[in-house]
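J.: Chain by chain, the residues:
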Amino acid sequence: MMTTDGNGAAAPRLPRLGEPAPAFEAVTTQGTLRLEDFAGSWLVLFSHPADFTPVCTTEFAAFAKALPRFRELECELLGLSIDSVYSHIAWMRNVEEKLGVKVQFPVIADLDRQVALAYGMIMPGESRTETVRCVFVIDDRQNLRAMIYYPLTTGRNVEEILRLVKALQVADRSAVATPANWVEGEPVIVPPPLTQEAAAQRVATPDLECVDWYLCTRTL
Amino acid sequence: MACVNPDGSLSPSGLVLLRALDAPGAERELTERTGRPLFQVRSGLRELQSAGLVRAIPVGFELTGVGREWLSSP
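Line by line, the protein sequences give chains U and F.
Those letters in the first sequence? Residues 48 to 267, by this note's numbering.
Those letters in the second sequence? Residues 2 to 75, by this note's numbering.
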């Protein structure tokens with residue numbers, strides 16, 4: 048579906064949470080990959096403005112170091128920028144040489160901007176030629192579950208992205224929600240009751256800790 | 002990982018996947034045999050299929066005659 052951007056030009060509709068993630072086939076540093084290749088795993092698809100730029104280099108090193116922790120969550124990483132695969136390869140080699148970190152996840156070379164446009168990664172107010180720092184968390188059924196957009200100036204916090212994936216997986220597994228600043232191991236929120244009878248029952252449930260009938264937590 | 006080079010030769014990853022198919026296997030089995038993540042196995046199988054070295058069967062994938070020749074060639 049197409050909409051129009053601020054200049055009246057046709058632009059693809061931005062992806063929405065809870066909907067299937069836009070499909071793609073793309074050239075990457077690990078060959079041609081399709082979104083469907085990741086089905087059955089969680090996926091963090093993230094874009095960066097450009098190779099050989101300082102903030103992106105620190106982010107890539109951080110993502111690369113965290114890859115084993117993402118894989119413990121059955122989650123893969125997939126980077127993207129509007130650079131050639133040759134540029135990506137040179138940059139990956141440079142990151143390994145200068146920072147001692149081997150980048151073992153694939154990076155999309157999105158020269159035709161097809162994936163960037165499908166996911167709304169280009170924000171003309173920030174840059175007309177580069178992708179901003181986007182993160183898309185896609186679940187194992189290929190539905191889009193979370194989106195984060197950061198400007199060019201500000202590097203992302205990989206710990207927060209790990210926390211987000213864990214929180215989404217806990218929500219799926221245990222039919223709960225997670226409170227502000229939740230980290231793994233802390234109590235989770237049980238869904239609020241939908242009837243007066245359930246509300247009365249809720250506050251009387253012994254294994255729940257309730258501030259009030261609508262805000263109860265439990266330990267998993 | 003890309004399995005088939007532009008000149009038609011196999012990359013090291015391609016050889017690993019081809020050897021893992023010495024016995025037919027499903028995608029998940031092949032991730033265990035190769036130690037590669039599922040997305041790499043899937044994209045590699047697609048390339049090996051396009052090159053005529055591997056074919057899909059009801060229980061997963063198996064080598065074609067050409068694929069067996071590759072494995073037995075020195």
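No wet-lab data here; the hints were simulated from the structure.
This one's a predicted model, so the numbers in the text were calculated from it and none came from an experiment.
Please note that a few of the clues may not be correct.
[Said to hold, decoys possible] Each pair of labels, with its calculated beta carbon distance range: (1) F:V67 <-> U:A224: 50 to 56 Å; (2) U:P240 <-> F:A24: 50 to 56 Å; (3) U:G232 <-> F:S74: 51 to 57 Å; (4) F:G9 <-> U:P226: 52 to 58 Å.
The C-beta atom is built at its ideal place from N, Cα and C for all residues, glycine as well.
J.: Hints first: check each against the structure and report whether it holds.
T.: Right, here's what the structure says about each hint:
1. F:V67 <-> U:A224: 50 to 56 Å: Once the Cβ atoms are compared, 54 Å apart, the range 50 to 56 Å for A224 of chain U and V67 of chain F holds.
2. U:P240 <-> F:A24: 50 to 56 Å: holds, 54 Å
3. U:G232 <-> F:S74: 51 to 57 Å: At 54 Å between Cβs, range holds.
4. F:G9 <-> U:P226: 52 to 58 Å: holds, 56 Å
No hint from the list above goes unmet by this structure.
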